[in-house]
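Engineer: Model the placement of chain U on the given structure of chain W, informed by the hints.
Protein sequences, first through last, are from chains W and U. With this note's numbering, letter number 500 in the first sequence gets 500, and the count goes up by one each step, no holes. With this note's numbering, letter number 26 in the second sequence gets 1026, and the count goes up by one each step, no holes.
Hints listed in this document are in silico derivations from the structure and should not be mistaken for laboratory results. Note that beta-carbon positions come from the ideal geometry of N, C-alpha and C, so glycine has one too. Among these hints, one or two may not hold up.
[To be verified] Label pairs and their calculated CB-CB ranges: (1) U:F1076 to W:I653: 50 to 58 Å; (2) W:G616 to U:G1051: 30 to 38 Å; (3) W:V490 to U:L1050: 23 to 31 Å.
For reference, the chains in residue letters:
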Amino acid sequence: MREKKRKSTERVGISATETQERGLPTVVFAGNPNVGKSSLFNRLTGMKQHTGNWTGKTVAVAEGICHTEGGDLRLVDLPGTYSLSASSPEEIIAAEYIRDGEWELAVVVADATAPERGIGLFLQVLEITPRAILCLNLADEAKRRGISVDTEGLSHDLGAPVMLVSSRRRSDVRRLAAELLFYTGGTLPRKLAEEGKSRETGERLEQPTLTDTAAEEREAINSRECVGATISTAKEGEECEDTEIPKRKDTDGSIYLSRATSLADMYFKGGGRRDMKGLLDRLLTGRLFAFPAMLILLALVLYITVTLANYPSALLALGFSYLGERLLALLDYLNSPALLSSFLYDGIYLTLTEIVSVMLPPMAIFFPLFTLLEDVGALPRFAYVLDAPLRRAGGCGKQALTMCMGLGCNAAGIVGCRIIDSPRERRLAILTNALMPCNGRFPTIILLSGIFLSVGGALGGVSTALALSLAVVVGVLATLLLTYILSGTVCRGDSSFFVMELPPFRAPSIGSILLRSFLDRTLLLLGRAVVVAIPAGAILWCLSTVTAGGVSLLGHAAGFLDPLGRVMGLDGVMLLAFILGTPANEIVLPVAMMGYEAVGIAPVGAEIGEVLLAAGWTPITAISCILFSLMHWPCATSLITVYRETGSLRDVIISVIAPTVLGFLTCSLTSLLAALL
Amino acid sequence: MSDEKRLSEIKVGEVCRIAAVDTVGRAGRRLADLGAIKGARISCVGASPLGDPRAYLLLGSIFAIRNQDAALIGVFCDE
Chain W
1 MREKKRKSTE
11 RVGISATETQ
21 ERGLPTVVFA
31 GNPNVGKSSL
41 FNRLTGMKQH
51 TGNWTGKTVA
61 VAEGICHTEG
71 GDLRLVDLPG
81 TYSLSASSPE
91 EIIAAEYIRD
101 GEWELAVVVA
111 DATAPERGIG
121 LFLQVLEITP
131 RAILCLNLAD
141 EAKRRGISVD
151 TEGLSHDLGA
161 PVMLVSSRRR
171 SDVRRLAAEL
181 LFYTGGTLPR
191 KLAEEGKSRE
201 TGERLEQPTL
211 TDTAAEEREA
221 INSRECVGAT
231 ISTAKEGEEC
241 EDTEIPKRKD
251 TDGSIYLSRA
261 TSLADMYFKG
271 GGRRDMKGLL
281 DRLLTGRLFA
291 FPAMLILLAL
301 VLYITVTLAN
311 YPSALLALGF
321 SYLGERLLAL
331 LDYLNSPALL
341 SSFLYDGIYL
351 TLTEIVSVML
361 PPMAIFFPLF
371 TLLEDVGALP
381 RFAYVLDAPL
391 RRAGGCGKQA
401 LTMCMGLGCN
411 AAGIVGCRII
421 DSPRERRLAI
431 LTNALMPCNG
441 RFPTIILLSG
451 IFLSVGGALG
461 GVSTALALSL
471 AVVVGVLATL
481 LLTYILSGTV
491 CRGDSSFFVM
501 ELPPFRAPSI
511 GSILLRSFLD
521 RTLLLLGRAV
531 VVAIPAGAIL
541 WCLSTVTAGG
551 VSLLGHAAGF
561 LDPLGRVMGL
571 DGVMLLAFIL
581 GTPANEIVLP
591 VAMMGYEAVG
601 IAPVGAEIGE
611 VLLAAGWTPI
621 TAISCILFSL
631 MHWPCATSLI
641 TVYRETGSLR
651 DVIISVIAPT
661 VLGFLTCSLT
671 SLLAALL
Chain U
1001 MSDEKRLSEI
1011 KVGEVCRIAA
1021 VDTVGRAGRR
1031 LADLGAIKGA
1041 RISCVGASPL
1051 GDPRAYLLLG
1061 SIFAIRNQDA
1071 ALIGVFCDE
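Isolated chain W, as found in the complex (with noise of 0.2 Å):
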């Protein structure tokens, strides 16, 4: 018998929370990764956790509480594994959790129409404890393959309780509550407990009987000593010897694996073979209709970010105008000095809400729509495809998944480079996410083009949407040459293994996901502009009414860095503009605004087109904006994040450097080309 170690619970990382004071019992859920268990413990908990149709997504364990009739109960969820005896890190704390963390119970959950890998880690798991339950998820994936489980002989043969649910239908959720309620012995419900009816399976829990073949194994496996203890003290280095049971040549997975298949095959039964023949799979990895397909999925995208942002965020724009100018009128009231209403309102309040109104609506709408395509499945299969080019880059597959986050917001697309194993990998995606334009770039983008290059107009939306999918490709090109120099420098080495489960596809579940992706979303983006914006409003502010010799600060600023900016292609305010929106790419043209009006090329209150056109723009300078607005340094809130994954100032360093000399050559380029042709 091992002996449970508290303190490896916080060696794993999961403190006591509130809840294990009180005394709940804890029930931990273990599965494959991409079995939907993410998806039925929020069902359980109702708690705000993000998910997807892909592998590798839950990186982190989380936590909540299941509220039933009979009582409460604290769920842990754990990484998805495919072994206990695998290697990468959320595989090893979930190996560890579950040998060494306090739980009451455990559900292993596993894919009805693909069970033999969730049975064999139940196998694995019942070598360690007799309290664990298997629950077959997707079961009406299941009934629509024409798949039959009979859960009776396997559970009789397993010695353990199996269940057969659908997340997506509440009364299975319910009914599964119950159960996890009535195994942890915890309260029974009332009714139960009115009824006093009694159950065969719970004296089963705890004497399961055996088949011989599995006492067997079980005897094989209790005799090498540390087979327990393989995955941390082969961390710590420890030895581990082998009794006298001979080694076995294949893994520790593979005596569970060959018992779990020939249980699938006696328990389940029909349902044909998995193909990548269907209609989606051959247009996204078919040879000929992969890119391009990818391509107009991009552009789609795009174009539904756009156009269904335009409304809110005239809404937002009218709304603010309101307050804005309630605002002033207290301001009046108040008496308060010229100098500080200006503070107050120029400074700040414009700046907060000019940020707001332009950054919130499109990514309320862009991160759902990737959640979706998360939720769908099309996601792995963007990095299936890119994998070649990317590994050829010196980078992986999963890096394109962190660069379409990018594209909603660099922060969030830093966060998620966690799902790449391989730290030299993860580095390289980190220190190129800043490549990808997010959705606060791209109002300089549609309104640059807008301008000066003939989109929009008749076609509208769809030229816009394309113009920005140019953008985008340019910002992959962009990435993949960066990530080819960095991989040749700064995080040198060789590929590492890359193994992508490739799941079916599945119907998403638009409501409770979406809603859920856009309050998180909302929220928390709402959060950061606050913060974000409040210094940089004030910074502006003094830089544009502090006056020296006649001229604010903002005028001289521009005035020193116009040689800089002219050898790029563009002028001392635009590139002030950029440094100014650090803080916030959505800010970086309404400085130019500032900045011109401080130079005094332009009336205040002027159209963005009059300003520009009067401050000397072709559509050549349009250009190198719109290319080094691709290509420059990360923002505020991105670099706090890099610093935050990487623990490495060097590698911030590196995030400001690398793109922005890319981005300064690229800019330069081009600007003398045009000139020469």
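Structural biologist: Just chain U now, kept in the frame of chain W:
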């Protein structure tokens, strides 16, 4: 009895049985954890546009595996 081939060499659509997996390195062990064990049925169900990685059906799930890693798996394909 046909010769043992590398998994990376089989044709799209071919169904084979695994003969052995080179589990010395990390890659082989990870593949074994996924179900690449002796006797298991494995088939190639597709290839990505540039030919690498390819998609394999193993134990009811489809995985994208790079050719250099698929080469670690030896298979018999006489079905």
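Engineer: Work down the list of hints and note, for each, if the structure agrees.
Structural biologist: Against the structure, the hints come out as follows:
1. Hint check: F1076 (chain U) to I653 (chain W), Cβ distance near 54 Å, so the stated range 50 to 58 Å holds.
2. Checked against the hint of 30 to 38 Å, the pair G616 (chain W) and G1051 (chain U) fails, with Cβ atoms roughly 50 Å apart.
3. The given range of 23 to 31 Å is respected by V490 (chain W) and L1050 (chain U), whose C-beta atoms sit roughly 27 Å from each other.
Checked against the numbered hints listed earlier, the structure breaks hint 2 alone; every other hint is satisfied.
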